[in-house]
Structures are given as C-alpha cells and as structure tokens.
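Heads up: the sequence shown runs through residues 0 to 548, numbered per numbering that gives the first Met the number 0.
Hints in this document: simulated from the structure, not taken from any laboratory.
Virtual Cβ for every residue (Gly too), placed ideally from N, Cα, C.
Okay, derived cross-link-like pairs now, DSBU-like style, lysine-lysine, Cα gap no bigger than 35 Å in a straight line:
1) Lys456 <-> Lys507
2) Lys408 <-> Lys507
3) Lys408 <-> Lys342
4) Lys497 <-> Lys455
5) Lys342 <-> Lys399
Distance ranges between label pairs, derived from CB positions:
6) Asp525 <-> Trp262: 52 to 58 Å
7) Ser233 <-> Thr396: 44 to 50 Å
8) Ala249 <-> Pro404: 52 to 58 Å
9) Gly231 <-> Ala410: 47 to 53 Å
10) Ser132 <-> Gln190: 46 to 52 Å
11) Pro428 <-> Ala249: 49 to 55 Å
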Amino acid sequence: MTVHDTQVLVVGAGPTGLTAAIELLRHGVDCILIDERKEPARYSRALVLQARSLELLQMHGLSNAIVRDGYLAPGFNFGADDRTPAIVEMYHTGSRYPFMLTLSQEETERALATKLRELGGGVSRGLKLVAASQEHDSVVATVTDAAGQHSSVRARYLIDCSGSHSVLSGDYGATKRSPLFDGTALIADVQVEGDLPRGFVSLHTNRRGGLALLPFQNEYVRVIAFDLTKMGISHREPLTLDDVQETVDAIVPYPLRISDPQWITRFRAEDRLLTSYRAGRIFFAGDAAHLYIPVAAQGMNTGIQDAFNVAWRLAYVCQGKAPESLLDGYDEDRHAVGERTRKLSDLLFRLFINQARSTTYRKLSSKVLGFALAREPVQNLMSGRVSQTGVHYRHTTLSKAQRFPGLRKGAINAGDRIPDLDLADAGGPGVHLYDLMRTPGYLLMGYASCYTSGSKKAAMLAALSRLQRSYTGSLQCLMVLGEGLPGTEEVPTFLDAKREVLHRLDAKPGDVFLIRPDGYLAFRTDDPRRLPGLLEPWLTRAAADLLMA
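Sequences are here, hints too, so could you generate the full structure?
Okay, structure coming up:
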C-alpha cells in the first residue's frame, strides 16, 4: 500500500477545507487536501458570505474580488402577512463589509481554489477517507480512489472538513441532536417577476410556513421555504417549479412569478453539534462539526471561521513556534461559538414556525419585532450576531487569565474581535489593519501619543524591536501614533488619523496589543515588561527567553 507523508491532512474541499489548506500553506506548513468528489460541487445550500468571513478572507487578498462578483444585500427584513417588515441593517456592524454578500458556493470555492493554487497547493480529487487511526505522534488515514485502490496518508494532524456525512465524527465525537425540526424544506434558484424588494433578503411567514427570498447573481433569486403542508414529503421526492410556485403564492404577501430554475430540490434540514471539535490529533470543522437549520446563513461562515482558527494553531505547533497546548484553544473557542450559532438559528426558526402556527403570535411578534428593531442596541445585537462580527472568545480560560483590568464596559479586551482599523501612512495613502495581516503571523501593536513620556515610548519601542528580531517570521510589530508624524523608528509606524485605535480599542498611550493571526485580541497590556510572560501561551518559551537576556 502506498503511504504519503504530510504535516496536516485536510479532508473535504468545500469552503471550510479550502480555507484551512490556504491558511496552512500561507504559514509555510505542508498539507494534503483530498475530496471524494471528482469535480467541485455545482449546487449547494450555502449562498451568503457574512461580514466576518469577508474580513478574514481579506487576509488572503480575496474579499475585493469576491465582493465584485456577488450581490450586496444591506440587511434582511421580516414580514408577516403584510408589507411593513421589520428590518435588520448590516451597517450597524461597523465592518468594512456592512452587508450580506449573496454569492453561489461554486463561485466562493472557485476563488478559494485559485488562491490555493497560487500558494502551490491543490485538491486531490476522487479520494475518499474510509478510516483513520491515531498513533502517539501521527494520524494514519486510509483512503480509497474511484477504482477501489487503497492508500495511506500519515500526518501529524488531520482536519475533518468532509461535511455532514463525515466518516470520523460518529467514531470520535458523539453528536447532540435537536428535535426542533423533523421534515423537509424546499429550495429553488429561479428568475422572479413581480414587486420583490431586491435590496434586502426578505423573510415572510403566515399560516402556511416561512419563506426566504435571497437575490443573487444574474437576476436570480434563491427561494428557501419551510411549507408546513409539504414538510412530511420525503426529500427524495421530485420537486417541480409548480410546487414551488404554489408555496410562493401561499406565503409571500405580494404576487411573484418564478421561472427558469437553475436548481430545484427538496432537502432535509438537520440540526447537529458534536460534543467536542477535537479528538486527539483529529479536529472537526464546518459541517463535520455542526449543522444548522438554514434560516440565518450561518453554516458556511461558521465553517470558514473554524478553518482559520484551527489552521493557524496547527501551523505554529507544527513549526515548533508555539506550545502544543495552543491546540486546546480550538475546541474551547469554536464549540461555544457553535452553541451560540445554533441558538440563533433555533431562535429564528422558532419565530418562523410559531408565526406560521398562530395568527395571534404572528401579529404580536410582528409588532414586537418592529418596536425592538427600531432601537439601535437591538440593531447592533442582531446585526452583530448574524454578520458574526459579534463572535468573541471572552469565555475561554486563556482570555479570562489575560484580561486587562479596569477598562470601561464594552472596551475591547482579550478574546474580542479586532476591527479592521484604518491607519494613515506618511509615505503612502494609508492602510487597513487586515491588509497588514496578509503577512501571516501575530501582530503586536503599540500605541503612543505626543503625551507619552520619552522614556515610556523608548521602552515600548525597545521591547517591540527586540520582539520583532526574536520572533522573525512569527510576529510583526508596529507602532501607532495618536498625533504627529511617523519617524524613522525600526518598527513600522502609522498614524491614528481617524482616531479609530483611540476610540474603537479604547487605547491609552503606552498600551500594547497582541492580535492573533485570525484577527482576535490575545491580550493587551500597558507594561512592556510583562510581554514575555504574556506571550508564553502563544509562542514558544525558547524565543521568549531571548527577550529577557
């Protein structure tokens, strides 16, 4: 039997697996990516890229091109029987991407696959994972090709991104299942004629059920319907355009005529969450780890963010740049996010179904939603949850241990998302923080102002310079000034011309921020002498010792 060796085996070449492979290669880690399919999938339920996914893909240099190809929906509306919907608008996210981007998964995968090839990677297709065994320092995976020939892949670690039919998830991670939904839904990509408000994603409910309308490329609209009269029909039964038209007529409160279907099918919507995203040297990501009822466009986005989270950790451990304990943070980070995302999907689905089953509930909930969503704090909460810009890791053991005390409520602290700050560059047009993070690795950012004492600024610059020399290839350092002009310091220096560092991070002169490779705050401190100790969980002690010499 042929045996192939690699550092990381990635199983499944959907958006999650492609993202994981890209992140590994960006960090210089060898990987093999396999997929059972001989060709990329042409159709998929995933259609929406949320703001947080676009922020992360910006680190790959992909977001601008992806946005150009997609449809920018500024938010979504809830309508129940009438034309006065309650609206959630994405501009409340404060993201560089204040919208929901509707783009076929086929196009998303194509962009990711192109980036993978640019990095020297590719997809080994027609290979199915059939088993995996763990040894003390490796995972040995058995794969079979279309001809039934077996081969083995030996890797230090395995990331299972193979989707809902994962071979390994049943063996290594017992699943939690929800009784919330037991039935089939309808999906169709169609042309639509009528008075559809194309700017927004539209959600409608009445006594027949719930239905979503998502405009996307080439004037097509995706219809996703939970029709209570048809949920008992097997997902294997053929679905016709007339079936979908009848459901649209019954639920949408204004006339629409659908035609020219690109894709039309029934699907069984599952709800599942593994009890753990890690089993020794095997990590689960995307649909292999979690499945959600598709009412909030969360599944693919959660998978992409799983991939970022696990891949940079594996890269640092494989290269000996971080302690192996760094890997423990993946499950602690992402499983809690999976739980929260599941609750959001469940909440929206219950809203759909309860509105459908009760006229009183439908009328009351419409008024309550309209009243609540007219308030900015509710808009901020909802848009942050749906866009996933509100995802945080404050709950983890490491974030709690490294939280900076005494900050005002709401100030960014350990485990929080770092926004894509807009910085000025004296030698150029300026730069966004996430564009700087196209160079893989941690980013250590100091903040000073004209009010910072000379000795304090000198101590900060000296610490950053030592770190930059000691952690070459693992850590890039920069200084942000509140006022004045960047000088000739050894550390790259930018100006906080728009006061985003000051106000969005609640920064004080002398503060230092460690930003993780996935754009979350590892820690902040106002004492450069504490940096070696604070860095210990994130980077190997050997490098930290150099700083203290």
